[in-house]
Amino acid sequence: MPADTRRTKRDRLAARRAAEAAARARAERRRRTVLGGAVAAVLVVVAVVVAIVVQSQRTATPDDAATPAGTVDGGTAVEVGAADAPVTLDVYEDFQCPVCASFEAEAGGTIQQLVDDGEVVVRYRPMAFLDRASSTGYSTRALNAAAVVLDRAGPEAFTRFHELLFAEQPAEGTAGLDDDRLVELAARAGATGDDVAEGIRDREFEDWTATVTDAASRAGITGTPTVLVDGVALDPGQLTAEGLAAAVAAAG
Amino acid sequence: MICATSGNRSGAGDDQRDMRWQTAGPWLATGARLLVGGVFLVAGLLKFPDPAAVERAVRAYRLLPEALVPPVAFGLPVVEVAVGLALLAGVFVRTAALASAVLLVLFLVGVGSAWARGLRIDCGCFGDGGEVGAGKTAYPAEIARDVGLLLVALALARWPASRLALGVPVRSDDHEEYVDAR
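Chains as they are written, first to last, in the numbering used here: chain A, 1 to 252; chain B, 1 to 182.
What the hints contain is simulated information worked out from the structure, not anything from laboratory work. One should not assume that every hint holds.
Not close to chain B: a few residues of chain A, all C-beta gaps over 10 Å, as computed [said to hold, decoys possible]:
id, residue
1, R17
2, A18
3, A19
4, G70
5, G118
6, G190
7, G193
8, A210
9, D214
10, G223
11, G252
Listed next, the stretches of chain B that the computed footprint assigns to chain A, with coverage defined by at least 3 CB atoms under 8 Å from CB atoms of chain A [said to hold, decoys possible]:
id, segment
12, 55–63
13, 67–76
Positions of the beta carbon are idealized from the N, C-alpha and C atoms, including for glycine.
Next up, chain B with everything else stripped away, as it sits in the complex:
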């Protein structure tokens, strides 16, 4: 029901592997939820105490017109927290995983374009103001982290059923939404 093990092969070995996947898969999904959800929750919360710094960080990418800088700087953390809470609680897991994947793609575009344009900025991912000391950028590490999280988020969107989730599948045999229906 959860795992992508092939259904048309048989044999004792495959059956055992299927069984193992059925046990381990949901726990892996729980781990993915905690990882992606935890990172998003922390990243969002750290952006609340110093909104001016987040504003500077968003502006530093030089991608948005000035009028859009404050709404993005102040609204994005709320979305990050919402996605993080949904993943940690295990409700709307598929939607939240897809939303986190979309956000990560946007972050990757931002960081990648800043790198490509030769800007010297910090990603501002965790509430910093986007400023760096001379020649202290960390683009490869930032991109590697976001790509890793993106892969985990996509896997979670594909196989969202997990343990320790508040929400339960609407139908366990398909990919419908998960909600707290207990």
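Pulled out of the complex, with its shape left as it was, chain A reads as follows:
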């Protein structure tokens, strides 16, 4: 009988010790969890701060970034036509954008006619946001080339170059026109010489392409082509020769 009691006591003691050990182990694991969680949270916060600093520096354009001659509106637009024309068209386009190419094919002649008749002044506001659609960053390369043409030969040459680029727009997912071809087209548009080729190959105005793309984003442009008639955006359905002519007539 006493032996039995002793054994029961010993069992109870052992059970209690085991329970205490388990509780201690749980507490220890919980302590480690809290510690690990705190460390992980601090690491994430540090990584967020680092990312914000680094990416802000990567997206900042240098203050001395070159702006092509012949631009207006703080260097963000290329103006074509009589400045005192009754209606202003703002045309946002990307040289890699297929809908822009079809818009130019469809309505480019109408725009030219309206400019020639003195009815509109066009402000081309090029963007370069479709670099992913080619393997060589064609969007940026094409806009840089257009900036070189503008800088060396003026807005008229820019307009011709712009037409040539849309006429030869590369399919999405390809390498796009190479620099040699861009130099050839620049010459055909009226910009010739070694410094044209140099500017195209060296991406002289690459920072500027980022600046105008950012400016368009800040202006609320979220797609191309976007055409504003006296500041009012046309609906996609109006982006035809007739739609554009009607909108200009209504505005004028």
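The hints should help you fit chain B onto chain A, whose structure is shown.
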């Protein structure tokens, strides 16, 4: 311990079902971790190479004041990657699943409000700049994808115990955090 099968019914059929759930549940949770974690990791990583595009995408929603656009555009990808890595590795699974659910709710609010306001934008979910060609929005598909992921994330937050996880439950019978405690 993991599954929500009812505990107060008995019978051979229910027991078998319980057994099956106990085997399949953790594997389902592993699948959920890989799905949600994989999507978040990829979505986050794709936003690093072209920060300017992410900035434009965030701005395109027209929900944030300009001063908040860069911090959100540059900080969010880090959070996405952190959540993705935690889910893939199987550490802090419940917290990461809840965080991913919160993010998905925010994304749904953003996309839904853009749709409701008639904006023509791309969600920018995978590092694109938020721009779309004329009339090429994809709101229903974007919302369906986010709702699907949200449901999976919520289920994972409810039943986080899974196979192939680095972390182990602090206590297997409750919902405490999971951590690498091996």
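Tested hints:
no. : hint  : result
1   : R17   : holds (20 Å)
2   : A18   : holds (16 Å)
3   : A19   : holds (14 Å)
4   : G70   : holds (25 Å)
5   : G118  : holds (29 Å)
6   : G190  : holds (31 Å)
7   : G193  : holds (32 Å)
8   : A210  : violated (6 Å)
9   : D214  : violated (7 Å)
10  : G223  : violated (5 Å)
11  : G252  : holds (24 Å)
12  : 55–63 : holds (count 5)
13  : 67–76 : holds (count 5)
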